[in-house]
Each structure stands twice: as structure tokens, then as C-alpha cells.
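Chains A and B, in that order, give the protein sequences. Yeah, the first sequence ends on 100 if you go by this note's numbering, and it's all consecutive. Yeah, the second sequence ends on 1428 if you go by this note's numbering, and it's all consecutive.
Don't read these hints as lab results, they were simulated from the structure. Nothing false has been slipped in among the hints.
Each computed DSS-like pair below joins lysine-lysine, with the alpha-carbon atoms no more than 27 Å apart:
1) A:Lys-84 / B:Lys-1392
2) B:Lys-1108 / A:Lys-46
3) A:Lys-100 / A:Lys-68
4) B:Lys-1393 / A:Lys-68
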Amino acid sequence: MTNNRLVTLAAAAAFLACPAAVRAGGQFNAVLIASNCAVCHGPGGKSAGFTPGLDKLTKEAIADKLRKFRSGEKPSTIMHRFAKGFSDAQIDAIAAQLGK
Amino acid sequence: MSKHSATENSRREFLQLVGAAGVVSALTLTGRVSLAGSSGRVVVVGGGFGGATAARYVKKFDPSIDVTLIEPNIKYVTCPFSNAVLGGIREITTITHAYKGLSKAGVKVLHDSVSAVDPVKKTLVTKGGDSIAYDRLIMSPGIDFRFEDVPGYDEAATQMVPHAWKAGQQTVNLRRQLMAMDDGGLVIIASPGNPFRCPPGPYERASLIANYLKYNKPRSKLLLLDAKSKFSKMPLFLEGWAIHYKNIEWIAGDKGGQVIEVDAKNRVAITDFDKHKAAVFNFIPPQKAGAIAHSAGLTNKSGWCPVDFSTFESTIHKGIHVIGDAAIVTGMPKSGNAANSEAKACAAAVVALLKGDKPTTPMTSNTCYSLITPEHAISVTAVWTASPDGYKKNSGGVSPMGRDATFRRLEATYARGWYANISRDIWG
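Please model the complete structure; the sequences and the hints are all you need to start from.
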């Protein structure tokens, strides 16, 4: 097996393990956007307390909450101010990063 | 792309994916990753909100990169929540962080300071005598003070009249002075003109010191002398002060509030119109980028560092990125959270550039809470997208006016959550 083929196979394996948003690679970096959630919700969504953790939520639940914060259907202190900054595609990509 | 062979393209794609997915550890057993080449050497200068985040996230986004963090202090004391220490509602140990977490994350932590940078040879020299080569350098040097702009205020004067605008010994000094002061003594805080580190900081500080005075020195007053006539979250602060404090007097810049000279020995603040004698005088000086940014030639006439908004690469020296308070990031404030978000965007860009990829357009965000009392907090937030002119706000804003105590208490709870979690995100 040549190095080239090995690397290609490894790349394929990594590709499958890799979040869709990174593969898309185009307009926005979902890994980067979602990394900003850690400042309030904790690294990996595991909160140290006071602020809700995200690690037990499914990606569907996170996307749903973000949409409801954005529309104002779900009341919040600050989350509506954030959610309004994201498109549907960004919300889904963030949720895919953070959700189970 | 055309100049790369198919092999190189595959290799680059592989590294990009491996880096992003963080699955490198399983694949290093083949030895092929190292054959594909370590992605490079990144050196980060400064272990605060910007630098420590950048070091951690470069490593996180691409574990094959060799990351070294250079920071002189063994432990870092945060400015966020240092006003709570001044107000006696937190101990300084709770805002002090070591670097073990970064070492565990694979970052080489070197406790030293940088004495010179050579952007052409891509090397730097430390005071300890090490010469360190880098492929990309990330500088997060924070602020220094424009002592040259204020007659009577210099490094020596900071012991008598602390700035406490870099947390640590200065915070302890100011807290001790407040505790030692007789009831009835006047506390003066002087707030600088824009731009400066943490725009709502002087007003949170006034609030939490006023809170301490209210319960411990009820005959004392706090005089807030300001170079500005408007400030961050102003209506919310004024609303909170009207509810909680009769002991704060704010003099705006257009009413003669700017302190133009300091008599440190006598703790006197001199404005165009008046001399105010304090029992405790906290002078927050005008600011500029940290000293190493100046000596490395990264600053422009403003005293701050111009950068490309997508990558945070210096527009003066290629290969050097500047983040945090020292950088000119149009549209974003100089805050710890902004530095953390800039650092992540910069880390993603550095990882991409080292692979020869085009960085994505970054989105950043900021959450900044201010405590008016331990149970009454207000916030400002924003989400931004980078553009060639600076960071354009997608959304954001401040807490609503006129909300009840329950709402303010909830924000105070979330403020504590923010501190606990951002600290773990950076130093944990």
C-alpha cells in the first residue's frame, strides 16, 4: 500500500468521523461558532453550575430551543439576543456540534 | 491548488479533517501522521483570556501542531470578577488560575517573558535566554498604561493610588485601602476616555464599592470622575444606582469630570475645574497595547495593533497575529469574552493557514455581565461576522430596562455561571 492510498483511506475514515459542518467547510465554521457556547454552558456543554448544561440535550432539542429563543416564543434573559444572530443553517449546524 | 500533487491534496485534506475531528490519536499509531508532517510550530505570547484560549484551541483544532505558551506569571488573576473582590463578595483565590489544565491539554507552558521578536527570522528571545522559532506567532499582550499622558501618575504612584486595572497585587492593594479607610472617607474612581479595557468595568466597580460602603462605611461616598459623558450600559447602571445607592456621584466628562493630573502623595484628583481629595483614590489611566506589542513594532500611531479581521494577522508584520485588548478589532469591545472569541477565530485561521488552506469568515460573540449588587446583574451581548471593515453585528443588545428583581437576580446567577465556565474553557 502506498502512502498515498493509506492517507486517502485514513482521510475517508476521518471524513466519516467528522461533523458535517466541517466537511461543508464553506461559508461558516460551525465548530468555531459552537466553541463560543462554552463560555456560559461549559466546555463540551458540561456546565460547572448556575447556567444550564447542554450535554444531555439532543441536537433536535437544541435546534428547537434556539429557534424558539429567536422567535421570542421561549422567554430568556440573553439567549434571544444570541439566537437572532444565526440563520437556520447555522442553528442546525451549531445544534449538530453540541447535541447528543 | 493546481500546484499541489494529488498526494499533497489528499494529505492536506486528511490533516484538515483529522485536525477538525480530533481523531488524530487513533491514527498516529500508523506513524503516517508524522510522515505527513507536523503542521508547524505556534508560539503564543500572553496567558490571559486571549492567549490561553488561543493556545488551547490551536491544539484542540489540530493536535499535531506544536504549541508553546509563554507567560511570565505562574498564576493568572482575572480582571473579570476582580470588582467583586474589591467589594468584598469574593476572595481573590477564586479568580486565580494556574496553567496545569493547559499543560494537560498538550500545550507547552513556559513561564518567562519575551524580550525581543524577529518577524523576519520568525524567532523570539525570552528574558530567560531561550531563542524560540515559530511558524506562526499569536500575541495577546493585553494593555499597558499611558503614564506619559497624566502628570503625577507613574509606576511608583500606583502603590499610593492603585489602578487595579490589571488584577492581582493591585486588586489586593485597593481592597486593603478600602477596608482600612475610616467611615466617612471619600472614595474616588477616575474612569478614562475610550478606548480602554472593559468598557463597563469602572461602573461595575463603582457599584460594588458603593455596595461595600453602604453596609460597612455608611457615612462614606463614592465620587466617579469620568473622562466620558456616556458609558457602556449607562441607562441600566443609572437605573440600578437609583434603586440601590445614594452614595454614588458621577461627574461626566462634559461637566468637568476628566482627571488631567494626579497628586498621588496626597491622593488628589485634579480636573480642569477642581481638586478632589480622596481617602482612597483609584485612578484608571488611559491605555495602550501591552509593552511587547510596541517593542515588536506591531502598533500604529493609536498605540494599538492593526490586524486583518478574518485572521487577526498583523497588517504590519506577516506571520504574527494579535488578539485581545491590544488589537484593533473594529466593532468588538476590549473584553475578556471578546478576547476568548477572537482567540478561537484566530486559532481556526492559524490552523488553516499552516495547512495552506483559506480561512473561513469567522463569527465571534461576547457576553458581558456587570454586577450592580451581588444579586442584581445586567448584560450586553453580541454576535458578529467578520468583514473587511471590521466586525458587523448580527444581533445583540443590552438587558431590558425596568425589569424586576427576579430577572436581575437570574442574570446575576448566570454571571456566576459565565465566570465558572469561561474559566474552565480557558484554564481548566
